[in-house]
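Colleague: Assemble the complex: chain D is given as a structure, and chain P must be docked to it using the hints.
Below, each chain spelled out in residue letters.
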Amino acid sequence: MTMKKTLLVFLFFLLAAPFARGEAGISVKDPWVRQNPPGTSVTAAYMVIENTGATADELLGVSCGCSAEASIHVIEMGEDSMVMKEVPSIAVPPGASVGLSPGGSHLMLEGLSGDIKDNVVLELKFRSGARISVKAPVLSPSAAQKRSSHH
Amino acid sequence: MKKYYLPLAALVLIAVVWFGILGFLGTDNGTFHGDEYRRPAFDFSLTDHRNQKFSLSDHAGKVILLNFGFTNCPDVCPTTLGMLGEVLDIVGDERAMALFITVDPERDTVSKLGAYIPFFHDRIVGLTGSQQAIKEVNDACGTLYSKEQEVSEEDYLVIHSPAVYLIGPGGEIVLRYPKEKIHPGKIADDVKRLLL
Numbered sequence: 001m002t003m004k005k006t007l008l009v010f011l012f013f014l015l016a017a018p019f020a021r022g023e024a025g026i027s028v029k030d031p032w033v034r035q036n037p038p039g040t041s042v043t044a045a046y047m048v049i050e051n052t053g054a055t056a057d058e059l060l061g062v063s064c065g066c067s068a069e070a071s072i073h074v075i076e077m078g079e080d081s082m083v084m085k086e087v088p089s090i091a092v093p094p095g096a097s098v099g100l101s102p103g104g105s106h107l108m109l110e111g112l113s114g115d116i117k118d119n120v121v122l123e124l125k126f127r128s129g130a131r132i133s134v135k136a137p138v139l140s141p142s143a144a145q146k147r148s149s150h151h
Numbered sequence: 001m002k003k004y005y006l007p008l009a010a011l012v013l014i015a016v017v018w019f020g021i022l023g024f025l026g027t028d029n030g031t032f033h034g035d036e037y038r039r040p041a042f043d044f045s046l047t048d049h050r051n052q053k054f055s056l057s058d059h060a061g062k063v064i065l066l067n068f069g070f071t072n073c074p075d076v077c078p079t080t081l082g083m084l085g086e087v088l089d090i091v092g093d094e095r096a097m098a099l100f101i102t103v104d105p106e107r108d109t110v111s112k113l114g115a116y117i118p119f120f121h122d123r124i125v126g127l128t129g130s131q132q133a134i135k136e137v138n139d140a141c142g143t144l145y146s147k148e149q150e151v152s153e154e155d156y157l158v159i160h161s162p163a164v165y166l167i168g169p170g171g172e173i174v175l176r177y178p179k180e181k182i183h184p185g186k187i188a189d190d191v192k193r194l195l196l
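Chains as they are written, first to last, in the working numbering: chain D, 1 to 151; chain P, 1 to 196.
So here's chain D without its partners, still in its complex pose (with noise of 0.2 Å):
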């Protein structure tokens, strides 16, 4: 193939990937909620995102029954400091898993009706079209800690 030709199909699966639907290779592992601590009404939930499927897709929102507001967040480490901050979305590429864990990104929980126990549900969208329920665990710090310490 040319170098042009490479280039060109290259361009139409650039562009076709937002487009392309119904390819069921989303799934989700490993989700868990941080419980809130007493007198807080924020948490994060984290989870492995992999896409098995051939094409690109994105998460798009998440949502929550637990909370009033759900949003997706990134951290920007800057010299000293970091940066929390909301994103529209976050890509997974085709054949890659993305992870969402405690110190990166994470979907932010806010305004939870209350004090969070045992499991919550939390609903994903994504630009495919995929919708995915998944029952997150929520966990104790030291639950947490041990979570984190195995992955």
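It is worth saying that the hints were derived from the structure and are not from the lab. Some hints here could point you the wrong way.
To be verified - List of simulated lysine to aspartate or glutamate pairs, EDC-like, C-alpha gap at most 20 Å:
#1 P:Lys135 to D:Glu79
#2 P:Lys181 to D:Asp80
#3 P:Lys179 to D:Glu76
#4 D:Lys146 to P:Glu136
#5 D:Lys146 to P:Asp122
#6 D:Lys85 to D:Glu58
#7 D:Lys146 to P:Asp48
#8 P:Lys147 to D:Glu110
#9 P:Lys179 to D:Asp80
#10 P:Lys179 to D:Glu110
#11 D:Lys146 to P:Glu172
#12 P:Lys147 to D:Asp80
#13 P:Lys62 to P:Asp48
#14 P:Lys147 to D:Glu79
#15 P:Lys53 to P:Glu136
Claimed, not checked - A few chain D positions that, by computed beta-carbon distances, are all more than 12 Å from chain P:
#16 Gly53
#17 Pro93
#18 Val134
What the hints assert, rightly or not - Footprint (simulated), chain D over chain P, 3 or more residues, beta carbon under 8 Å:
#19 61 to 74
#20 80 to 87
None of these values were measured; they are calculated from a predicted model. Even for Gly, the Cβ is constructed at its ideal location relative to N, Cα and C.
Modeller: Just chain P now, kept in the frame of chain D:
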């Protein structure tokens, strides 16, 4: 051929000694896991989450982990506090403690910290105080913090350093752990070494 033996033997001997020294310097009992951050002994007085006055100088002889944060922080602060709790459990020594100093004293009152801190560990002390007092501790450690552009008066985040500091028995800051070096087992090793 024979005349080469002596210089060769000498060279081998030098190499053995040299790498022996390097090896010794590089062993675990020779280096800390955190970044060396020698700062002279300092002191501060703040109010703890049980509404008692807390002065660093009252705790001489202890090894103290110090971290800045705020209770409305969804991810980094509770992650660090959980990690500090694990460090204290691994160390298992009454002479080790951790401090969580709020960078949001306006909202983080004594009662707020009183509900928040015991959730993580009974040897973590939450501290608050005047804006000025909080700033002085940050200055002493060399950390910066700033209120994120306010969404509303009640709803904002505080941009701050995720680093953990280790204060030695003499009250001096000995080590600093930037985010990528925060690992409970390794910090616990350093705490144990300072307690020896």
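Colleague: Could you run down the list of hints and mark each one as holding or not?
Modeller: To see whether the hints hold, each was checked on the structure:
no.: 1; hint: P:Lys135 to D:Glu79; in the structure: holds (19 Å)
no.: 2; hint: P:Lys181 to D:Asp80; in the structure: holds (13 Å)
no.: 3; hint: P:Lys179 to D:Glu76; in the structure: holds (12 Å)
no.: 4; hint: D:Lys146 to P:Glu136; in the structure: violated (35 Å)
no.: 5; hint: D:Lys146 to P:Asp122; in the structure: holds (19 Å)
no.: 6; hint: D:Lys85 to D:Glu58; in the structure: holds (17 Å)
no.: 7; hint: D:Lys146 to P:Asp48; in the structure: violated (28 Å)
no.: 8; hint: P:Lys147 to D:Glu110; in the structure: holds (18 Å)
no.: 9; hint: P:Lys179 to D:Asp80; in the structure: holds (9 Å)
no.: 10; hint: P:Lys179 to D:Glu110; in the structure: violated (25 Å)
no.: 11; hint: D:Lys146 to P:Glu172; in the structure: violated (31 Å)
no.: 12; hint: P:Lys147 to D:Asp80; in the structure: holds (15 Å)
no.: 13; hint: P:Lys62 to P:Asp48; in the structure: holds (17 Å)
no.: 14; hint: P:Lys147 to D:Glu79; in the structure: holds (17 Å)
no.: 15; hint: P:Lys53 to P:Glu136; in the structure: holds (16 Å)
no.: 16; hint: Gly53; in the structure: holds (29 Å)
no.: 17; hint: Pro93; in the structure: holds (24 Å)
no.: 18; hint: Val134; in the structure: holds (19 Å)
no.: 19; hint: 61 to 74; in the structure: holds (count 4)
no.: 20; hint: 80 to 87; in the structure: holds (count 5)
Hints 4, 7, 10, 11 from the list above are not met by this structure, while the remaining hints are.
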